[in-house]
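This is what each chain is made of:
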Amino acid sequence: MTEVNTSKNSLRRQSGLAHVINYGQFGNVTLNGPSLFICERHPLTILQLDTNKSKTLTDISNLLNAEFPHTTNTCKGDDERRIIWLGPNRWLIVEPEHGCLQTLIKNEFNSSEVFLTDLSHGKSTVRLRGRKARDVLMKGSGIDWHLNSFGADYCAHTKLFDLAATVDCRDIDVFDIYIARGFAEDFWGTLMDAAAEFGYQVD
Amino acid sequence: MFRFQSRQQQRLDDGGQINRLAPINFTFDGKKFIGFDGDTLASALLANGVRLVGRSFKYHRPRGIYSAGIEEPNALVALRSGDRHEPNTRATAIELFPGLEAKSQNRWPNLLLDYLQINNLLSPFLSAGFYYKTFMGLPGWHFYEYFIRKAAGMGDGTKFKDPDKYDKKHVHCDILIVGGGPTGISAAVTAGRAGARVILVDNHPKLGGQLNGERYFLDKKPAHHWVERCVEELDGLENVTIATRTSAFGYYDSDVVNAIESVSDHLPEPLDYQCRQRLWQIRAKKVILATGATERPIVFSNNDRPGIMLASAARRYVNQYAVKPGKKAVIFTNNDDGYKTAFDLARSGVEVVAVVDSRKNIPEHFEKELNEKDIEVIASSVVIDTYGYFGLNSVKIGTLSHDGKTIESNPYIVSADLLAVSGGWSPNVHLYCHSGGEPVYNDSIEAFVPGELSQNGHSAGASRGSFSLTDCLQEGHNIANTMAKALNLEVAEQIIPETNENTIVPIEALWRVPGKGKKFVDLQDDVTESDITLAHREGYVSVEHLKRYTTLGMGTDQGKTSNLNGQAIMAQEKSEPIEKIGTTTFRPPYTPIALGPLAGRDIGLSYKHTRRSAMHNWHKQNGAIFVEAGQWLRPQYYLNEMEQPSKENMDKAISREVQTVRTSVGLVDVSTLGKIDIQGKDSAEFLNRVYTNGWTKLPIGKARYGIMLREDGLVFDDGTTSRLDEFHYFMTTTTSNAAAVLSHMEYYLQVQWPELDVRVTSVTEQWAAMALAGPKSRNVLSKLLPTINVDNESFPFMGVREVDIEGVPARIFRISFSGELSYEINVPADFGEFIWQRILEVGKAHSIRPYGTEAMGIMRIEKGHVAGPELDGRTTAADLGLQKLLSTKKDFIGSKMMDREGLKDKNRPRLVGLVPVDKKSRVKSGAILVKDPTLAPPVPKLGHVSSSAYLSPTLGHPISLGFVSGDIIETTKKIWAVSPLHNENHELEITDPVFYDQKSERLHD
Amino acid sequence: MAKYSIFNIIKNAFNEDKNWARAWRDPEPKKSYDVIIIGAGGHGLASAFYLAKNHGIRNIAVLEKGYLGGGNTGRNTTIVRSNYMLDENAHFYEKSLQLWEQLSSELNYNVMFSQRGVLNLAHTDSQIDAITRRGNTMRLNGIDAELLDEKQIRKLMPYLDFSNDVRFPIKGGLLQRRGGTARHDAVAWGLARAADSLGVDIIQNCEVIGFEETGNKITVVKTSRGNFNCGKVGFAVAGNTGHLASLINLKLPIESHVLQAFVSEPLKPMIDHVVTFGAGHFYISQSDKGGLVFGGDIDMYNSYAQKGNLPLIEEVVTAGLAMIPSLSRLRITRHWGGVMDMSMDGSPIIGKSPIDNLYLNCGWCYGGFKATPGSGWVFAHTIANDEPHRLNKGLNLERFKKGRMVDERGAGPFPNRH
Amino acid sequence: MLIINCPLCGPRDHAEFTYVGDATKNRPENGDSSNDHAWYDFVYLRDNPKGLHEELWQHSFGCRCFVKVLRNTLTHEIIATGMPKDNLILKEKGLELSV
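Protein chains in written order, with this note's numbering: chain D, 1 to 203; chain Y, 10001 to 11005; chain V, 20001 to 20418; chain G, 30001 to 30099.
Please keep in mind that the hints were generated in silico from the structure rather than gathered at the bench. Please note that a few of the clues may not be correct.
Unchecked claim - With a straight-line Cα cutoff of 27 angstroms, these simulated DSSO-like cross-link-like pairs (lysine-lysine) come out:
#, chain 1, residue 1, chain 2, residue 2
1, V, K20018, Y, K10405
2, Y, K10681, D, K53
3, Y, K10150, V, K20268
4, Y, K10327, Y, K10150
5, Y, K10620, Y, K10647
6, Y, K10150, V, K20065
7, V, K20171, Y, K10920
8, V, K20402, Y, K10904
9, G, K30085, G, K30025
10, Y, K10889, Y, K10906
Said to hold, decoys possible - A few chain Y residues facing chain V, derived, Cβ under 8 angstroms:
#, residue
11, E10086
12, D10253
13, G10349
14, P10588
15, A10599
16, I10788
To be verified - What the simulated footprint calls covered on chain D by chain Y, stretch by stretch (three residues with Cβ under 8 angstroms from a Cβ of chain Y suffice, anywhere in the stretch; the number is not a length):
#, segment
17, 17-29
18, 58-70
19, 75-81
20, 142-151
21, 164-177
22, 186-193
Positions of the beta carbon are idealized from the N, C-alpha and C atoms, including for glycine.
Please take these sequences and the hints and turn them into a complete structure.
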């Protein structure tokens, strides 16, 4: 058994990928360097928000000072906070861990109008970046990854390498992939295998 | 290098599309040869004068190279060796690579001395369907089959794991063009210029198709100039993807076309990080099928000898590969194509003895060139027979009577080592047929062509029967523009180059030549004309019967060269037009495809993703032996550091774990249980409908056990649900039904009761869950929660608390599966391992132990709790002794169907406990309960053992749960468990299913 | 009917096979039949054959919309077994297996029934428990079954993956040695020839387009080749049952789904048994011609199309390579689909219908081929006597209403899950 | 592959969906306890049409919505998709009339 430091400050949030990530360059890295950069995003706050009251949503929007995407398959926000369309009246709010987002909303709104579900620990998030990122996605999912169909601020909930995944196109060649934590290790292996022919760097 | 070349005695000194500066070593049947880059194995063998390459399937007749493409019926070889061995590979489709190793097949001991040649002599007795008529008596088919199976089959399989990798890729496009011949290239240029997203796939290493095998001129320059110019333009278009070595093998629903890309088949082995093949799933808005056509043979006696090949193949060998497929050639044709072959062969120095044309009129425009090259044409004539056992040496020619049924004049024999045959061309309508289309017969080309459009796949060029090059180029352009228009794109200009071809004089059908001897229709499966006439005689006249009775078209070439000839002969026998006979259904794949790319990277340990709990790594490092639970891996039990895995140590470990929980405290990972977050004003009402018991009165901070039924009234799942807040509930399900229960609830919320204000979300992965169980569990918990009162009153049975464990938010449920005082602790998954370790540390004072699914299973049996083996989808609540949970005050899912007579039957098997009378015997789950173990079958079955604990460490003897017919339970206390599979019988006592703490004092304590 | 034998083959060979007679007639239909069986697949032909042979009824027509044996009889993976757990299925399929054992001699047509053994693999303890229960039940029902451990399987089938690189290790298996395969087309042809020789009219290219009813009885069967008066009518059209039933406004607890299969290039013998994977949907056997025959799960959506899509094939192949990794470089030559009549409990419906003189033979899911002779046997009995044979009593249509489902898998009223 | 146009997510492979089945079955009102046949019909009987079939799929790998699909069971052609409340057959007929 490893020694555990019980002091509150060093409480470890341990990612689902903690035991598999190896840093460095792998696969078919040529003189031009890797075509792909892969890293885990952790720790994050991932909150599912569900409401069918448009007034409430506007109020939340004001409270958070963030816009909610109303078009299907789109996202809004920046690196600090990302709001992803999930389904009818349902969004995913993602931001670096602060721990207060849920409380912030809960304190302001009635629990019969806004429904919050914390999924921060239920998902593992991998960022895939680089000019071959779309080629990797093409190996795992049947949706059209062409820039014209899936550009920046698009998102998709899809079957990626046989797993339910949410893919958020942060920028032309930057993708955040959310998958269930329990599959994280396996997904990581699959992703590395699919990326090997392009050469990749794990940051 | 010159030394090498001298060995390629059939190689031309110049011309062709091979690189004479790049010689390539290869072996065939162990003999060393040399070919050139750009060769196929077939062209390289022909260049080296090798004619005999294989033996036929049934009669083991010597066979050579028959075609120059994927339609090859004869030249099948075993390619590579060891773990990369590939049987049944077509020599005509293998690109030559350094060190290539090929072996002939279906012969023993060797190609020249195949002892099963005897089948050729026995062939009169081996006509179509002969085995249906015999081998019926003793000793039975299985006996004869042993020998027949050995003789059948072609190549050998392998027992090795494939060392190569496979990949998959999903692509989208506006226009998919299948086939990179003149039609496809022309279409691609137009579509590309129009700005459409285009994918052009072709199964060859380079584009050009038929143009590569012909001496066509486009705009007065050799055709390859035009091809190269087009390819250059297409390469420069960002919206066009050209995929060579990519074979589209199937056209499926929703205009999805699948293809296999041969990434490294043309290399000795894949490069680093390179896969061998890649499966493409192409989703197209429109598809242009420019798949070309395949030449047909003509059926005549001994038409299968090495040295006989398709006329277009002979042409391709001289033109593309600069190989003379023979020295002295006879051409046998019923259409213009034979003349092209005659000219190209003559031009390359092959002596053309004669063109035998079954038509009465020779096309006039050929006369000039025939005279120039001094080629004799024998009109109204046919090849009647051929000679030469291991290779053709002469050909018998005769004149055909007017009605085509007899030979008129005295036939004569000419010597020749090459016979090039053209029976006309059949458009490749396979993909069109896959897409749902039905081909129709076209008299003017004597072949099936695409009929009405099916889905969005349009055929163009030779694949729809347009055999003129100008037509192909024009059609490709036109169809691409039609599609561009339909896609709201600007139409594009393209100037179609001028060709040097002659007008085509129509084919006159000639399917078979009269006369005796073996006339092969299907060269691969050795189906002869007489097999077809026999099938007709016996009434196997529908094309599908014909195919199945004679095996016509059932080989690896899928009948590409034989189907139509066979059908035509049947039509003649029936005196019906071919279109009435119809054609067999073309099934994907278009050409045989390897299994590897269909599995992609999901092989070995990657088969089905592995799901791990947040504490997995801890388990792994601390002696856990894992067990598969669906996709999850769960600790089954834990071995001590010094223990090796063994049956004995397993038993020891499990007993240890049970005893620890029963006497002190244990900790088990239950993260795999399904967890569903339920919120909304109508949550209670919804639970009332989903569960069989009542939920409206459940207070906040309390949990309740419930069962769900399916609509048919049988038990679906069980679990607990807790009320966290006024409108907030937390449900757990069994591990195996987690996904199904969520979908089940979503269905009712979205489809049946959309008026209910309820949201459900899976939070299985969000929470790491562990059950702290045992009489000392409260002590451990109170240490973990020093500021919270956890005594029985403050935190009673079925109580729920949301707390903070050393800064980690946690939900604690006082529920019990083991029957002990127990707390299920849920923490956000990233804290799972930390809290798990903390609990074990805190619990050290009480000798806490982690326990696995085995110990948990024993304890739940001791407690009479039902699980998977009891919830098998066939049991009712009453069968499980849970009828008390069926509310009579409300309707719930399943309440209307659960009272059907069969489900209320008093004699239905009901859950019981079972204890061996000797208190020792290990009763297997799956044993059947009977009255008397000595009865002979069929034995009346009174029930079965569903779950067994070989030893209940708590009770000191084995126990089981099982089901016994209701009427038996009333009348008897003893029953026999029999397991004929193990040759075991044990007498059991029927008891209450709850063995342990029947009053549930322990968990309430 | 000229007898088929080795002597006749030799005799005819000297005559260039010119004297072989038609295997069955192509009769002009009569105006009226005592019994009309719709569907000249294995089940329809077997029913007609046993009606004529066991019950002395000779004025029988078997109507076929296409060519005989052209539906599922010619599309299945040819597996024959009787390894069922529930009594209603077990005794019925065992009777069928016994009929298979003598079918070639009974028909004087070699249907190539090869008892090479059928093995179901188990990969977890709970799967071992499940096959133990099934095997024990079989044995108590007088059906052969053996439980094999990993070692025994390794000896019998060394090509399976016993290495450490395997996701679901093989823990054991249930073997029925009397199970095996048969040549599917030969079954249809042999039955057609035998039924024909007993006077049964097999009418091909004859599609049923409607019925005329008087009272609660069918009096006329309307077809593309004219109308026939009928005494009794039997449905034996498998996947087309739903459509045919709709022509008389009969709703049934059946859905049609497509099941795919595929075959590899011919190979020298490498797989001697029928093997079923337990951790994914996959089964395999090798045909006498040498092709490896693969099957898996249905495509999951209602379908009357005799074609399927690739994803299911990919799934089956993936499961196959998980079990036998050495298949990876082998090639498949053909994949096809058949339309399955999936019932609501996964077991067949064979017996009377709500219409007085109509009898149903349907709901075979993907187990119809092995049932062929047994199905004909009990269906003929049911039609001839207007009451079920003891072997198909429990397989009635009423069982759903009464809550007496015969659900081997416990999957409930979801046809695509059986 | 069937490509199903999810009304929310757009065209997706059918592998992202879970097939539910016939969408024309009406669940009898729970309060009505007399109508056993209606329940038998709902749970067990199917029209099983050869041709147009209105059916439900769940987009389980996507938005998790139940999607109604009008599909030809003979050709697999998908004619229309919608939400569970939509009557696609009516809608299609309406379209035909207006053409």
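Regarding the hint that Y/A10599 lies at the interface with chain V, is the smallest CB-CB distance below 8 angstroms? Where the cut-off is 8 angstroms and the nearest Cβ of chain V is about 4 angstroms from Y/A10599, the hint holds.
Verdict on chain Y covering the segment 58-70 of chain D, criterion of 3 CB contacts below 8 angstroms: Violated, because only 0 residues of the segment 58-70 of chain D bring their Cβ atoms closer than 8 angstroms to Cβ atoms of chain Y.
When the nearest CB of chain V is found for Y/E10086, is that gap smaller than 8 angstroms? At about 5 angstroms, which falls below the 8 angstroms cut-off, the nearest Cβ of chain V leaves the hint on Y/E10086 intact, so it holds.
Restraint: Y/I10788 near chain V, CB-CB cut 8 angstroms. Satisfied or not? 39 angstroms, violated
Does the alpha-carbon distance linking Y/K10150 and V/K20268 stay inside the 27 angstroms limit? Holds, because 6 angstroms separates the two Cα atoms, which is no more than 27 angstroms.
Are the Cα atoms of V/K20018 and Y/K10405 separated by 27 angstroms or less? 18 angstroms, holds
Restraint: Y/D10253 near chain V, CB-CB cut 8 angstroms. Satisfied or not? Hint holds; Y/D10253 Cβ to chain V Cβ min 6 angstroms, cut 8 angstroms.
Take a quick look at whether Y/K10681 and D/K53 sit within 27 angstroms of each other, Cα to Cα. Holds. Y/K10681 to D/K53 sits at ~14 angstroms (cutoff 27 angstroms).
Is the straight-line distance between the alpha-carbon of Y/K10889 and that of Y/K10906 27 angstroms or less? 23 angstroms, holds
How about Y/G10349: closest beta carbon in chain V under 8 angstroms, or not? With a minimum Cβ separation of about 38 angstroms from chain V (threshold 8 angstroms), the hint on Y/G10349 is violated.
Take a quick look at whether G/K30085 and G/K30025 sit within 27 angstroms of each other, Cα to Cα. Holds, at roughly 13 angstroms.
A closest beta-carbon separation below 8 angstroms is what the hint needs, so does Y/P10588 meet it against chain V? 6 angstroms, holds
Hint check: violations occur at hints 4, 6, 13, 16, 18, 19, 21; the rest are consistent with the structure.
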